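> Each chain, letter by letter, is given below.
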Amino acid sequence: MSNIIKIKKGLDINLEGKAEKVIIDIPKSVNYAVKPTDFEGLTPKLLVKPGDKVKAGTSLFFDKYKPEIMFTSPVSGVVAEIIRGERRRILEVVVKADDEIDYQVFKKANPNTLSLEEIKENILKSGFWPTIRQRPFAIIANPKDTPDAIYISGFDSAPLAPDYEFILKDQLNDFQTGIDALKKMTNGKVNLSLHIKKNNSGLLKNTKNVDFHEFSGPHPVGAIGVQINHIKPLNKGEVVWYINPFDVAKIGKLFNEGIFDASKIIALTGSEVQKAQYYNIIDGAEILSFVKDNIREGNLRFISGNVLTGEKLDKTNFLGYYDYQITVIPEGNQSEFLGWGTPGFGKFSMTRTFFSWLTPKKEFKLDSNLHGGLRPFVVTGELEKVFPMNIFPMQLLKAILIEDIDLMEQLGIYEVAEEEFALCEVVNTSKIEIQKIVRKGINIMIKEFS
Amino acid sequence: MKALRNYLDKIKPNFEKGGKHEKWLSVFESFETFLYVLGDTAPKKGAHIRDAVDLKRVMSVVVIALIPTLLFGMWNVGDNYYQSIGQTDVNLWQSFGYGFIKVIPLVLVSYIAGLGTEFVFVYIKGHEIEEGFLVSGLLIPLIVPVDVPLWMLALATIFSVIFGKEVFGGTGMNVVNPALLTRAFLFFAYPAKMSGDTIWISELSKGEGIVDGFSGATPLANAAAGSLDKLPSTMDMFLGFMPGSIGETSALAILIGAAILLFTGVGSWKIMLSVFIGGITMGLLLNLFATDTNPYMALPWYHHLLLGGFAFGAVFMATDPVTAAQTEKGKWIYGFLIGFIAILVRVLNPAYPEGMMMAILLLNVFSPLIDHYVIQGNIKKRLKRAKAL
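Top to bottom, those sequences are chains A and B. In terms of this note's numbering, the first sequence has 272 at position 272, counting the first letter as 1, and numbering is strictly consecutive. In terms of this note's numbering, the second sequence has 26 at position 26, counting the first letter as 1, and numbering is strictly consecutive.
It should be emphasised that the hints constitute simulated quantities derived from the structure, not laboratory data. Hints may be right or wrong, so weigh each one.
In silico EDC-like links for lysine to aspartate or glutamate, alpha-carbon gap of 16 Å or less [said to hold, decoys possible]:
{"id": "1", "chain 1": "B", "residue 1": "Lys44", "chain 2": "A", "residue 2": "Asp314"}
{"id": "2", "chain 1": "B", "residue 1": "Lys44", "chain 2": "A", "residue 2": "Glu311"}
{"id": "3", "chain 1": "A", "residue 1": "Lys108", "chain 2": "A", "residue 2": "Glu118"}
{"id": "4", "chain 1": "A", "residue 1": "Lys205", "chain 2": "A", "residue 2": "Asp261"}
{"id": "5", "chain 1": "B", "residue 1": "Lys329", "chain 2": "A", "residue 2": "Glu311"}
Note that the coordinates shown come from a computational prediction; the quantities given were computed from them, not determined experimentally.
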C-alpha cells in the first residue's frame, strides 16, 4: 500500500446517537418514491402515469438532455402518484409496492467478457447509472465521457456516518464484479480510498483491480473532492467519476444476477433515536416505515443523510437516493435568553469561546438552531481550519457571490462541491449559507459550458 | 424571562410588514437579538448543526480581553495624577477611584456616540445592528489620552463610524480600523490635545498644584528627545507604570488579553507574532546603525515592544480580521510590516513620537494588495499544475 495521506485540517464532531452494529430487517413500506430533486440539475421526462404497472427496474423517467440515463422503480407495483411542486416541477414519483417484488430482467454476464458499450448499456437501462457521479460539478456522470479515473471512498467520515465495511461485509463478491465493470469504463485507474482508523476490518483490502490510497485524519477526509485533491488534483477540462462503494456492489449484483436490486442497508442515527442501528431497506422507502416506535418525543428534525449535507424531510417523506443514513436531531426553534453571553458548558464550538472546551470528549446533543443572525464575512481563518485543500475557501465563495466566472475557475471551483464546504458552513461565525453559494457557483459554471 | 419573551412576541407584529412601526423593524430586531439568540433553524438543505459561536460572542470575548487593560488604565490614570501633585500617601483604591471617574465618561461617550450613529444606519439600511462597534466602542477610550475633551471624542467617533465604516457598507466592509481612525482623526484635527508632554496625565495641562520639576512626558517622547536616561526601568515598562494612552501602558495587562484572544481562537496568533517579529527585526537593525548623534537607535529591541502603543496595537488593533490581511500567508506579511514600520517611524521620524497608529492604518490600506498577491500565487500554482500535464 502506498504512503498514508495525512489530512490535518478538519473537525470530527462527536455527536450522540452512533448506530450500533446490528442490522434489522423491516417489513416493506407501503409506498416507495424516486425523487428527481435528489439529482442536481436534472430535468426529468416522465415515462409512466398513475395506474401503470411497473417492475423493479422499469423506467419511470429519464433525463431530458441525456435521454439514455434512466431512473427506474425500486420495487414492483403500481404508480400511485406523481407529486408536483411549483410550476409543475416533478418532486416525487410514488410507486405503491406489491407484496412480492417482481424484477425486470437485465443482462447477466461477467463484465470482463463484455464490451464497454454493453456494460454501459446494461447500467443505463437498469437505472444504476445515476449512482455514478462526476467531478467537476458533482452531477450525474455523462455516459459519453471516458473519465480520467474513477474514485471510490471506502469510508465515510461525516458525523455518525455508517461503517461502510459493516454494510458491505456480505457483498464483497458483488463489489468486486462492480469494480471490474467500472474498470472497463476508464482509461485510468479505479482508486479506492481507505482510512487507517475507519477501515480496520481489512475487508476491502482484498479488492482486486483497484489502486489503494490510505488516508488519516478528521472529516472532511472522507469527502471525495478532498481525496481527489490529494491523490491527483483535478484540472480544467478533466473529468473523473465517483461512486459510493455500496452502489458498486449493486452494479456488481446487476452483472452477477441480472436484476435491479435496490435494497440497501442504512444507518438510523442521531440523539433523538431510541436505538440507533442499521436497517435493511429498499431505496426510496418511506422514512416512517423504519423510524416509527424508535424515536423520542418532541419537535424533531428528520434528515436524509448526515447532519452536514443532508436534507430535512418530513417523516412521511422518502429516503434520498444517495443517502445511507437517516439522522434525527431536535429542532432548535427555541430562542435562548442572552444565549450569546452564557458560559456555554454544553455548547459545541470549534473556538474555545464557550466553556465546553473543558469537556473535549463529550458527545454532543445538537439541535438545528443557527445560534446567531446572518452577517457579512467578518472572522477570517476559520474556514481554512476545516478545509484541507490548497484552495482559498473564502476567496472562492466571494468570487461566486460576485459571479466572476474567470476568478471562480482560477480559484478552483472544479475541485469542490457542497460536501467539501459543509464544515465551513458549520463553523462560520457569520451564519452564511455556504453550501448554497457553492452550488450556485457550480450551476453558473455548468451554464457557462452548456 | 418568560414574561419578557412573551412581551417581545406580543409587540413584534407592530414592527413587521404592515404593522404600525414597520420602519423600526431593524431597530427592534437589534434589541431582540441582543436579548435572545433567536429560534432560527438551519435551512432545509445544508449543514443542520451549527457552531454556537456568533459575532456577538466573538465580540464579547474581545471586550473581556480588553478589561485587564481598562482596569489597569484606570488605576494608572489615578496613580499618575497623584504623583503629579506630589501626593504619595494614596492607596490602590484611591488611585483606581480617581481613574474610574475620569475614564468612565470616555467609555460612555464613545459607546453612546458610536452606537447612536450605528442605530441611525440600522434604521436607514433596514438591517439588524452588526456587532463591530461593541469592540470599537471600548477600544476608542483606551487609545486616547485621559484629558481628551468629551465633545472631541464624540465627534471623532461619529466621524469614524460614518466615514470609516458605514459608507463602505458596515461591519465587515470597512477598509481601516474604525477605532484607529478615531484616533487618527483626533491626532490630525486637534494635535494640541493629542501630543505633547502635558496631555497624558489628568489635569496636568492646567498646571495647578503640580510638583516642581514633574514632567508628564511619555517615555517615547523622552526617547525621541534623546533623554534615554529618563526612561523607566524595564520592569516598570512591562507593568505599565508610565504615562500614555489609557489602555496602552501595561504590557502585562495586554498579555493577559492576548492570552484570552489566542486561547479562545478569536485573535490570529500569526498576526500577533509577526507584528512582534517585525518590531524586533527593525529594533535590531536600528541597533546595528546606532550612532552617537541618535542614541534612540540604540534602544534595546525589547524596550520598543514595551513602550507606546506597540503591544496594544499588535494584540487588539492589527488583529481586527476585517481590516487585516485575510489570507493566512498574507497575515504573516501584514503583521511583519506593521511591526517593522511602526518602529521605523517611531525612531526615525521626528514628527511622530509613535508609529504604531500610522503603521497599522497604512497596512490596513495595503492588506488587500498583500492578499491579491497571495491569491495570485495560488492561482499560478493551479495553472502550472494544469500545464504540467
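> Does each hint hold? Answer for all of them.
Now the hints, each set against the structure:
About 11 Å separates the Cα atoms of Lys44 (chain B) and Asp314 (chain A), which keeps this hinted pair within 16 Å; it holds. About 6 Å separates the Cα atoms of Lys44 (chain B) and Glu311 (chain A), which keeps this hinted pair within 16 Å; it holds. Taking the CA atoms of Lys108 (chain A) and Glu118 (chain A), the gap is about 11 Å. The hint holds against a cut of 16 Å. For the proposed pair Lys205 (chain A) and Asp261 (chain A), the alpha carbon gap of about 25 Å is over 16 Å, so the pair is violated.
Restraint check for Lys329 (chain B) and Glu311 (chain A): not satisfied, since their Cα atoms lie roughly 36 Å apart, outside the 16 Å limit.
Of the hints listed earlier, those the structure fails to meet are numbers 4, 5, in rising order.
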